[in-house]
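As a plain string of letters, each chain reads:
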Amino acid sequence: EPEVTQTPSHQVTQMGQEVILRCVPISNHLYFYWYRQILGQKVEFLVSFYNNEISEKSEIFDDQFSVERPDGSNFTLKIRSTKLEDSAMYFCASIATGFYGYTFGSGTRLTVV
Amino acid sequence: SQQGEEDPQALSIQEGENATMNCSYKTSINNLQWYRQNSGRGLVHLILIRSNEREKHSGRLRVTLDTSKKSSSLLITASRAADTASYFCATDYNQGGKLIFGQGTELSVKP
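Protein sequences appear in the order of chains A and B.
Take -5 as the starting number for the first sequence in this note's numbering and just add one per residue.
Take 120 as the starting number for the second sequence in this note's numbering and just add one per residue.
A portion of the hints provided could be inaccurate.
[What the hints assert, rightly or not] Once the Cα atoms are required to be at most 25 angstroms apart in a straight line, the calculated BS3-like pairs of lysine-lysine come out as:
1) A:Lys72 to B:Lys188
2) B:Lys145 to A:Lys36
3) A:Lys77 to A:Lys36
4) A:Lys36 to B:Lys189
Since the hints were derived computationally from the structure, they do not count as laboratory data.
For reference, chain B alone in the conformation it holds in the complex (with noise of 0.2 angstroms):
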C-alpha cells in the first residue's frame, strides 16, 4: 500500500484548544493535501504542500511535511465546535495523479 495511517483515529477537544492530526506515506511524493469532510457530505480542500515545502499556513490551519520520515501533520489552532468534522491527508505521486487517501481523523470540538 502507498498510504500509511493517521493518527489519530479520533480527537475530541473543548472548543478553544488546538486539534493535531498526524499521517504517514510510505513512498515519496510530488505534494500531499489535506481535507475536510463533513458528515455524509463532500471532500473540502483545505491546504496542498508540495515535497520541497516544510510548512505551510492557511488562516488557521497549520500544515508541515518532513519527507525525511514520510509524515505530516495538520494543526488546527483555537478550535471552534464548527471544525467538526473527519480530516483526510491524501498523497499524490504525480502531481495531477491519483490521490491516495488516508482513513481519516475523526475531530469533535465541544463548545
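Next up, chain A with everything else stripped away, as it sits in the complex (with noise of 0.2 angstroms):
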C-alpha cells in the first residue's frame, strides 16, 4: 500500500536553529498537509497546501514556518528559528482528489534541547 514517507525520524536541535523536516506524499495526492503533536496533547493543524500554495493556516503556524515543495516530490516543512515548545512529532499527510480520508507519515520526533 502506498505510503506517505518522512524523515528524520527523530530530530535533536539546539534552540535558535533552523530545521526542515521532510516528507516525501503519496505521488498522485495533490493536497499535503502538515500537523503537529505535542506530548500528550491532541494532534493539531498546522498548513495544507495545494497547487504549489498554502491554502490554509492555523494560527500556530507564524513567520517562524514556512513549507515548499522543492521538486515536485517532496514537501518540506522549516522551523526558522527553533523554540523549546516547537518540541513535538510533527506529521505529514497528503489526500487524494476522490477523498477516502488522509494518508499520514509515521512522523518526526522533533526535541529542541
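Join the two chains into one complex using the hints; note that each chain is given alone, in its own frame.
Structure representation (C-alpha cells):
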C-alpha cells in the first residue's frame, strides 16, 4: 500500500537553530498537510498546501514556519529559529482528489534543547 | 472551539469484549474520520463517514454518526490485545480541509 514517508524519524536541535522536516507524499496525491502533536496533547493542524501554495494555515503557523515543495515530490516544513515549545511530533499527510481519508506519515519527533 | 470532547478518555477491557468510544463536535461537518495511534507512532486512518451517512462498517469496526446530536461513536467488536492504542476522531468541515482532532480515547485491551 502506498505510504507517506517522513525523514528524519527523530531530530534533536539546539534552540534557535533552523530545522527542515521532510516528507514524500503519495505520488498521485495533490493536497498536502502538516500537523503536530505535542506530547500528551491532541493533534493540531498547522498548514495545508495545494497547487504549490498554502491554502490554509493555523495561528500556530507563524512567520517562523514555512513550507515548500521544491522538486515536485518532496514536501518540507522549515522552522527558522526553533523554540523549546516547538518540541513535538510533526506529521505530514496527503490526500487524493477522490478523497477517502488522509494518509499520514509516521512522523518526525522534534526535540529542541 | 470547533471540536468537542471524546469519551471516555481511557478505557480498559478484556480481550473479546466490545469497546465503544464516543466523539462530539460543535458545528456542521462534511465528514468525520477515526484514526488509531499506537504509542509514539503515526496516525492510521480507520474509517470515514460522510455527513449524509448514519452508519458504516469495516471489519470489526462500526461507526455511527448522528448529525442532529453532533456525535459519533466507534465500536470495536471482539477486541484483541493488538487493538491497544489511542483512538481519535477528527472532523472535516470542508472535504479536504483541515482536520480538527479530539483529545482521543486510550484503549487498553488485556489478554
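Structure-based check of all given hints:
1. The straight-line distance between the Cα atoms of Lys72 (chain A) and Lys188 (chain B) is roughly 40 angstroms, outside the 25 angstroms bound, and the hint therefore fails.
2. Between Lys145 (chain B) and Lys36 (chain A) the alpha-carbon distance is near 17 angstroms, which keeps this suggested pair within the 25 angstroms criterion.
3. At roughly 19 angstroms between alpha-carbon atoms, Lys77 (chain A) and Lys36 (chain A) fall within 25 angstroms of each other, so this suggested pair holds.
4. A threshold of 25 angstroms between alpha carbons decides the hint, and for Lys36 (chain A) with Lys189 (chain B) the separation of about 20 angstroms falls inside it, so the pair holds.
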